[in-house]
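Protein chains: 2
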Amino acid sequence: MKAKIIITPKKAVLDPQGKAVLNALEHMGYDGIEDVHVGRFLELELCGDKASMESKIEEACHRLLSNPVIEDYRVEWEE
Amino acid sequence: MKAKIIITPKKAVLDPQGKAVLNALEHMGYDGIEDVHVGRFLELELCGDKASMESKIEEACHRLLSNPVIEDYRVEWEE
Numbered sequence: 001m002k003a004k005i006i007i008t009p010k011k012a013v014l015d016p017q018g019k020a021v022l023n024a025l026e027h028m029g030y031d032g033i034e035d036v037h038v039g040r041f042l043e044l045e046l047c048g049d050k051a052s053m054e055s056k057i058e059e060a061c062h063r064l065l066s067n068p069v070i071e072d073y074r075v076e077w078e079e
Numbered sequence: 101m102k103a104k105i106i107i108t109p110k111k112a113v114l115d116p117q118g119k120a121v122l123n124a125l126e127h128m129g130y131d132g133i134e135d136v137h138v139g140r141f142l143e144l145e146l147c148g149d150k151a152s153m154e155s156k157i158e159e160a161c162h163r164l165l166s167n168p169v170i171e172d173y174r175v176e177w178e179e
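Note that the protein sequences, when read in sequence, are chains A and B.
Position one of the first sequence corresponds to residue 1 (our numbering), numbered consecutively onward.
Position one of the second sequence corresponds to residue 101 (our numbering), numbered consecutively onward.
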């Protein structure tokens, strides 16, 4: 079983890394790009039953993997 | 239109960040986690027609956004 966690800065938070990527892309001649947001991606390989892992992973996201003050996260599950 | 890009280390490449997260989770008492891979997530907001953007973004992934020697990427499209 796999959990895929995507962590992104909240919309109201400044995202300097995203701005840097946007500037670099524009410099290289890629137009048509309006905005870039940069986040993190984690893939966890898990064993055990899904229901208990779901609550564990949810808690781990909150306590360790993301900073809930400035970041949002979502978890996608794959068998 | 949005392009969501997920960049992950190739399976054969050492992933020290993933190992660090795995160790931290184990230390905090989360068991049942076998492996962790850490990657990057980019969300691009785009305008223009999809066909031309697809080839541009594919090229940008290869030239700027990922390091094809040690990383894999995949692009998901959203209207």
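A couple of the hints might just be wrong.
To be verified - If you want the ones that stay clear, here's a sample from chain B, every Cβ over 10 Å from chain A, calculated: (1) Lys-110; (2) Ala-112; (3) Val-113; (4) Glu-143; (5) Pro-168.
As the list claims (entries may be wrong) - Distance ranges between label pairs, derived from CB positions: (6) Leu-64/A to Lys-150/B: 19 to 27 Å; (7) Met-101/B to His-27/A: 40 to 48 Å; (8) Val-69/A to Glu-159/B: 33 to 41 Å; (9) Glu-178/B to Glu-71/A: 14 to 22 Å; (10) Ala-51/A to Ser-155/B: 23 to 31 Å; (11) Gly-132/B to His-27/A: 43 to 51 Å; (12) Cys-147/B to Lys-2/A: 16 to 24 Å; (13) Gly-129/B to Lys-19/A: 17 to 25 Å; (14) His-162/B to Asn-23/A: 26 to 34 Å; (15) Glu-26/A to Glu-134/B: 39 to 47 Å; (16) Lys-19/A to Glu-134/B: 17 to 25 Å; (17) His-62/A to Val-175/B: 22 to 30 Å; (18) His-162/B to Glu-59/A: 35 to 43 Å; (19) Glu-176/B to Glu-71/A: 17 to 25 Å.
The hints are simulated quantities; they were obtained by calculation from the structure and are not laboratory data.
The structure presented is a predicted model; accordingly, all values stated were derived computationally and were not measured.
Beta carbons are placed, not taken as given, at the ideal position from N, Cα and C, and that holds for glycine.
Practice task
Run the structure past the numbered hints and jot down the numbers of the failing ones, going up.
Solution key: 4, 6, 7, 10, 12, 13, 14 and 16
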